[in-house]
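Visitor: Sequence:
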Amino acid sequence: MKSRHTEKGYLILIEPGEEIVSTISAFVVANNIAAGTFTAIGAVSSVDLGYYELAEKEYHWKNFQGTIEIASGIGNIAWLDDDTPIVHFHGVFSGSDFVAFAGHVRHAIVSAACEVVLIDYRDRLLRKMDKTIGLNLWECDKKN
1 MKSRHTEKGY LILIEPGEEI VSTISAFVVA NNIAAGTFTA IGAVSSVDLG YYELAEKEYH
61 WKNFQGTIEI ASGIGNIAWL DDDTPIVHFH GVFSGSDFVA FAGHVRHAIV SAACEVVLID
121 YRDRLLRKMD KTIGLNLWEC DKKN
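Counting from 1, position 48 in the sequence shown corresponds to residue 48 in our numbering; the numbering is continuous, with no gaps.
Derived by calculation from the structure, the hints in this document are not laboratory data.
From the three backbone atoms N, C-alpha and C, an ideal C-beta is built for every residue, glycine too.
Errors might be hidden in some of the hints.
Unchecked claim - Using C-beta positions, here's what the derived DEER-type ranges look like:
id	residue 1	residue 2	range
1	K57	K2	32 to 42 Å
2	K131	E15	32 to 42 Å
3	E7	L54	37 to 47 Å
4	E56	R4	41 to 51 Å
5	K131	S94	33 to 43 Å
6	L137	F64	21 to 31 Å
7	K131	L13	36 to 46 Å
8	D81	K8	21 to 31 Å
9	E115	N32	17 to 27 Å
10	G134	K62	14 to 24 Å
Input sequences plus hints: build the corresponding full structure.
Guide: What follows is the structure in structure tokens.
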């Protein structure tokens, strides 16, 4: 991974063989990112995508492998507590057949490159479990 600090955040180049979610998470910790949003484009060789089944309160996952383009990646960064960053990443991908598939990204291995633009909001944003939905959601009404 390589990065450059900008006025509003960071430009991050995630390199071949690196895993996107864990690389962003480690970057967030190392650079003390309080909260943020990011976009990502590039290519991966493997990606685990999921969708959340509200009635079951659980994710269902599927792995895709091959020559895969990240047509559009978008996500946000918040914290579960003072020590655990949450990288929430959704993506639209396509393969050699140009058919799109999308979902919540759990794991993705870069094949060529992944270019990430991360905006740092500088105010800490926490997540807290919403028992009705079964997910850790933003605590928007609480400034940290």
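Visitor: Taking the hints in turn, state whether each one holds.
Guide: Results for each hint:
1. K57 - K2: 32 to 42 Å: 39 Å, holds
2. K131 - E15: 32 to 42 Å: 40 Å, holds
3. E7 - L54: 37 to 47 Å: 39 Å, holds
4. E56 - R4: 41 to 51 Å: At roughly 42 Å between Cβ atoms, R4 and E56 fall inside 41 to 51 Å, so the hint holds.
5. K131 - S94: 33 to 43 Å: Hint holds: Cβ distance 37 Å, inside 33 to 43 Å.
6. L137 - F64: 21 to 31 Å: Holds: the Cβ-Cβ distance is about 27 Å, inside 21 to 31 Å.
7. K131 - L13: 36 to 46 Å: 39 Å, holds
8. D81 - K8: 21 to 31 Å: Given a distance of about 26 Å, which is inside 21 to 31 Å, the answer is holds.
9. E115 - N32: 17 to 27 Å: 22 Å, holds
10. G134 - K62: 14 to 24 Å: Between G134 and K62, where Cβ atoms are some 20 Å apart, the hint holds.
Violated hints for the displayed structure: none, as all numbered hints are satisfied.
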